[in-house]
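Please build the complex by placing chain B on the supplied structure of chain A, with the hints as guidance.
The listed protein sequences derive, respectively, from chains A and B. So in our numbering the end of the first sequence lands on 360, straight run, no missing numbers. So in our numbering the end of the second sequence lands on 458, straight run, no missing numbers.
No lab work stands behind these hints, which were simulated from the structure alone. Some clues are possibly wrong.
As the list claims (entries may be wrong) - Lysine-lysine pairs mimicking DSBU-like chemistry, simulated, CA-CA at most 30 Å apart:
{"no.": "1", "chain 1": "A", "residue 1": "215", "chain 2": "A", "residue 2": "277"}
{"no.": "2", "chain 1": "A", "residue 1": "75", "chain 2": "A", "residue 2": "30"}
{"no.": "3", "chain 1": "A", "residue 1": "158", "chain 2": "B", "residue 2": "401"}
{"no.": "4", "chain 1": "A", "residue 1": "6", "chain 2": "A", "residue 2": "30"}
{"no.": "5", "chain 1": "B", "residue 1": "401", "chain 2": "A", "residue 2": "62"}
{"no.": "6", "chain 1": "A", "residue 1": "352", "chain 2": "A", "residue 2": "75"}
As the list claims (entries may be wrong) - Some chain A residues flagged as far from chain B (calculated, every beta-carbon gap over 12 Å):
{"no.": "7", "residue": "30"}
{"no.": "8", "residue": "31"}
{"no.": "9", "residue": "33"}
{"no.": "10", "residue": "50"}
{"no.": "11", "residue": "90"}
{"no.": "12", "residue": "147"}
{"no.": "13", "residue": "216"}
{"no.": "14", "residue": "344"}
A virtual CB, placed ideally from N, CA and C, is assigned to each residue, including glycine.
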Amino acid sequence: MSARPKILLLDDDASVLEVFREVVARLPSKPEIFTATSGPRAIALLESEEFNLLVSDLSMPKMDGLQVLSIVRRKFPQLRTAILTAVPDEQFRARAYAIGVDIYFEKPRTAQEIDLFIDCLESLIGQETSGVFRGIQSKSLVDIIQLECLSQSCSVLKVANGLQEGKIWFQDGDVIDAAVGDLQGESAFQRILSWKTGNFETLRAEPGHERAIFKSNQALLLESAQALDEATAEPNLTHAPNGQEGQPSAASSEVAVISKIEGVEFVLLSRGDNPQKIDSWSAQNPEPLGAWASATLQSFQELGESLQAGQLRHLEGIGLHQNVGLAALAERCFCVGFRRDIGAEQIRETMKEIVAECIC
Amino acid sequence: MLSFFSKTAHTALVRLANGCFTVDRDGRIVASTLPQSFPLKQVHEIARRVLSTFQAAQQQNLPLTELMVDYSALMLTAREMRGGAIVYLTTRPLSPTS
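So here's chain A without its partners, still in its complex pose:
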């Protein structure tokens, strides 16, 4: 990509686009600006060349901004996206963020708001996306935690990695607790620290939160880094499911790991680009079952796009004989069968963990 960032502006009103172009041309990074007056045209442009940022209107005929952005998030996950709208509606804001939009901007009404808008866009296109946490430029999670400590912060850091969310509590610059899934305290802190990428958000302090971590920040970070190094150095699983011999593939390793989860009765892992290739453990008729799982996930992904309901996270089925959880990650489709006594809530949490582990 050239040194100048590329920005694509999408609005159905050509006259608005022209003024919009003038505003965005004031960005210090002197971006190359492209415009589109319809969603399909914008998607075609994004397919033809690489962009840094898409700024879209919300209300447009035929394909509205949410529809465009839900397609864009799926097809171009690294692209920064912003909505600029005159619709001050919390539900649309929530849905935009649920889709994964970086910024939801109400159309500015004053010169100061325009300046703020320009600053935000400049910040957004300056952010790299790989190996860092979105929300602060080129910072690892350790950097972010150290910043919180150095600033003697009293706050809660919410960190999201895929579908998993964790929290770290700070009090006067000390890490006092962490939580992710069922984990609490130091083990949760280590788990969160193992995430390579994600989003973070600083929440208000919770003064009454009980302290569960008593180590110094440096000791905590050092031990977590050591644990992480050791975990990385450990060899992968040495046996494959279904008694397959030899070195397991990445997919069969994942199947083997999932098969060890409490309550799991069968596991299927298929790839969207090659539905015939199914890795499975303990599944009867894996091919038709895998086809059903892929078709079901695809069907509800399409429904989600049609409803603009955001990303399909996972799907749980309660059955007469056994329960099932489905999740899609990139081109992979996970179908996990559970014992009848494993409830929907537990299946949901397990599927979240499975997806998060596979992202890591």
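Below, chain B alone, put in the same frame as chain A:
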């Protein structure tokens, strides 16, 4: 320049809705508590996909009684009812602490 921040005409964005509806085995909507602003076309679309999922699961010897579809902004829960279904739609609020 500030004039561009207002538009004369907007197309209506469809709100997600909270509510439920029942659909019979033939895909007919029997009853609904969804707001009238929620397009009937989308209700039928949901019903069609839910019913076909229940039927396809049955064919795989995996008969399901309940289906929960978890989207970022919406939770869809469907209970199988003698070939038909009752479907609940629940929107998710934007909550910074969730």
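Going through the hints against the structure:
1. A:215 x A:277: violated (48 Å)
2. A:75 x A:30: With a Cα-Cα distance of about 26 Å, the restraint between residue 75 of chain A and residue 30 of chain A holds, given a limit of 30 Å.
3. A:158 x B:401: This hinted pair is violated, its Cα atoms lying about 38 Å apart.
4. A:6 x A:30: Status holds; Cα separation ~9 Å.
5. B:401 x A:62: Distance of about 15 Å is within 30 Å: holds.
6. A:352 x A:75: holds (22 Å)
7. 30: The claim holds: residue 30 of chain A sits with its nearest Cβ about 19 Å from chain B, beyond 12 Å.
8. 31: Check passes; 18 Å lies beyond 12 Å.
9. 33: holds (15 Å)
10. 50: holds (26 Å)
11. 90: violated (6 Å)
12. 147: holds (20 Å)
13. 216: holds (28 Å)
14. 344: Per Cβ check, residue 344 of chain A is inside 12 Å of chain B; nearest 6 Å; violated.
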